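Peer 1: Listed below are the residues making up each chain.
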Amino acid sequence: MALLELRNVEAYYGPIAALKGVTLDVNEGAIVAVLGANGAGKTTLLKAISGALDPEAGTIRFAGAEIQKRAAWDVAAAGIAHVPEGREVFRHLSVADNLKMGGFLRRDAGGLAADLERIFGYFPALRARVREMAGNLSGGEQQMVAIGRALMARPRLILLDEPSLGLSPLLVQEIYRIIGRVKADSGVAMLLVEQNAKMALDVADSGYVLEGGRIVLAGSAERLRSNEDVKEFYLGIRDAGVRGVRRWKRRKQWR
Amino acid sequence: MDPLIVFLQAVVSGISIGCIYALVALGFVLIYKATEVVNFAQGELMMVGAFFAYTLVDLGGVPFVPGVLLALLATAAFGVILNHLLLRPLIGSPAFTIVLATVAVSTLLRAVVAMIPGWGVETHRLSNPLAGQVVPIGKLVVSAEHLMVIAVTVVLVGALYLFFSLARVGVALQATSQNQLAAGYSGIDIRRMFGLIWGISAAVAALAGVLLAPAAFVHVNMGYIGLKAFPAAVLGGFGSLPGAVVGGLIIGVVEELAGLYAPEGVKNVAAYVVLLAVLMVRPQGLFGISKRVRV
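Protein chains in written order, with our numbering: chain A, 1 to 255; chain B, 1 to 295.
One should not assume that every hint holds.
[Unchecked claim] The calculated label-pair distances, taken between Cβ atoms and stated as ranges, are: (1) B:168 <-> A:14: 31 to 39 Å; (2) B:284 <-> A:37: 34 to 42 Å; (3) A:92 <-> B:266: 36 to 44 Å; (4) A:177 <-> B:192: 36 to 44 Å; (5) A:106 <-> B:267: 51 to 59 Å; (6) A:21 <-> B:169: 34 to 42 Å; (7) A:125 <-> B:191: 34 to 42 Å.
[Claimed, not checked] Some chain B residues well away from chain A (every beta-carbon gap over 10 Å; in silico): (8) 36; (9) 134; (10) 136; (11) 158; (12) 219; (13) 254; (14) 283.
By construction, these hints were calculated from the structure, which means they are not laboratory data.
In this text the structure is predicted, and so the values were computed from the model without any measurement.
Backbone N, C-alpha and C define an ideal beta-carbon position, used for all residues, glycine too.
Could you put together the complete structure from these sequences and hints?
Peer 2: Given below as C-alpha cells:
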C-alpha cells in the first residue's frame, strides 16, 4: 500500500473542472514529480490533498486513512506538510518565528531544537537572518523559509509546489540539491509539482504528466526522461522538422 | 488657576479617556487583523461587559476586583459564542454581508439589554473603590480613577504585546492574521484562532467598559463610544496594534484640549477633524503599511 493514494479525484474551481479524475500513488520515502503546463491542475491537485480545497469526488488516502474531507490543519496533523506556490511565508514574523510555526503541532522541545539546527545546516543563509522579518528576505531565502517551515513539522510527506518558480538558475540548483539531501537524510516522501521538468525528473524516482486535469502519462523518472513527448514538450529537446500539425496530433493521442 | 496646570489637567484626563478609546480601538483592530472583519458591535461588547461587571459587583455583591475579572471572562465567553453562532456560518460570504451582520448584532445587543429586568434603559452606577479619591502630583491634582485607567491600560497593552510576540498561541494568532492559508498548512486550526481572537477582543472591550463606567455610568447606549474609537483605529492605520493605542491617545487628548480652549461643540467633532487632517497627509494612517496591490 502506498503512503498516499489518490483515486479518481475530481475538483472544481467554481464551475470549472480543474481535476477530472486523477489517480496517483506516492510510496513511502519516494520523490514523485508531477509535470504539467500552466493551468494543468497541478496546484489544485496539491490543494485538494492538503485540504485547502474539497474534492467533489474520489478518495484520497494517507497512511491508510481517508483525508479528502479534512480541514487543512487536520491534514497537517496527519503528517503532510505543504510548501505552497509563491512561498506564502508569514511576512511580518521573523524567520525564527516562521520556522517555529512550522512545528506548531509538536511539543518535543528537544526535537524541535535539533530540527532547527538541521534546517540551518541545509540553509546557512537563514541562520544569519534569523531575526529578520521574513517579508524582507529575497525570493530564494523565502523559499528556504517555506521549505524549512515544512521540515519543522517532521512530516511523512512534503508537498512541494513549484519550488523553482521565480528563482535564478543557480538558486534552483541549490534548492534541488537540498531536496535531494533532505530525502537522503530523513527518507521523507515528497510530491513535487514543477514546470521545470529537467530539475524535477533529475531528483524524482517516478513521475506523472498532468494535462487539462488528467494524468496523461506515468512512469519511472528514467522512462519519462526518455519519452519522446516529454522530451519535446517538457524538456525542450526536439528533432528538427517537428512542428505544428504533428505536435497537435501527438497531443491528441494522449487523450 | 495657573494656565499651565489647567493645560496639564486637561492632558491627563485626555490621556485617561484616550486609553479607553485605545482599548475599544484595540478590539476593532484585533478582530480585523485576524479575520478581516470590521466588527461594528465592538462598542456593544463593551457595554455588555460593563453590565456583567455591574451585575456581579453591585447586584451580586462580589468584591470589585474578582467581580471585574469574572465579568471579563464572561464577556470573553460571550464573544466566542457570538463568533460561533453568528459569524462562523458566514465565513466565505462577501465582506459586506459580514460587516452588516455585525451591525445587526450591535442593534440586537442594545435591544436585548434594554429588555433585561434590572438592566433596562436606566443609568446604573458601577461602584468603584477609587471613587472620589485624588492624587496630588506637585501642583497637579489628578483623580485616582484617571490614574487607574492609565495604569490598567499600560499593563494590558504590555501583556498583549508579550502574549503576541512570545506565547506560542500568540505567534500563531499573528501567523493566522498574516496568512491564513499557510497557517492552516502549518497545522494551526484557523477556526479556533478566530474564536480565541473574538474572546480576547471581547475581554479587552469589557475592560474598557469597566474603566469607562465611573466617567459615563453603565447604560445601554454607552457602546456609542465605538464611534470615537473607530476613528482612533483608523488614525493608527487600522491593522496596527500600537497604532490603535496611539490613535486613541491622540483623539482623547485633542478632545479634552478642544473642550478647554475651543468654542462649545468643537469637542464633539475634534476626533473627526483630526482624523480627516491626518488622512489627508497620510492616507494609510500613522502606523499603517500602505498596501501595494498588483494589477
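Peer 1: Work down the list of hints and note, for each, if the structure agrees.
Peer 2: Now the hints, each set against the structure:
1. B:168 <-> A:14: 31 to 39 Å: holds (37 Å)
2. B:284 <-> A:37: 34 to 42 Å: holds (39 Å)
3. A:92 <-> B:266: 36 to 44 Å: Since the Cβ atoms of residue 92 (chain A) and residue 266 (chain B) sit about 38 Å apart, the hinted range of 36 to 44 Å holds.
4. A:177 <-> B:192: 36 to 44 Å: Holds, at about 38 Å.
5. A:106 <-> B:267: 51 to 59 Å: For residue 106 (chain A) and residue 267 (chain B) the Cβ distance comes to about 54 Å; the hint holds.
6. A:21 <-> B:169: 34 to 42 Å: The hint (34 to 42 Å, Cβ to Cβ) holds, given that residue 21 (chain A) and residue 169 (chain B) are roughly 41 Å apart.
7. A:125 <-> B:191: 34 to 42 Å: Once the Cβ atoms are compared, 35 Å apart, the range 34 to 42 Å for residue 191 (chain B) and residue 125 (chain A) holds.
8. 36: Its Cβ never comes within 10 Å of chain A, the nearest being 15 Å, so this holds.
9. 134: Non-interface label stands for residue 134 (chain B): nearest chain A Cβ at 43 Å, farther than 10 Å.
10. 136: holds (44 Å)
11. 158: Label holds. Min Cβ-Cβ 19 Å, cutoff 10 Å.
12. 219: holds (39 Å)
13. 254: holds (29 Å)
14. 283: holds (20 Å)
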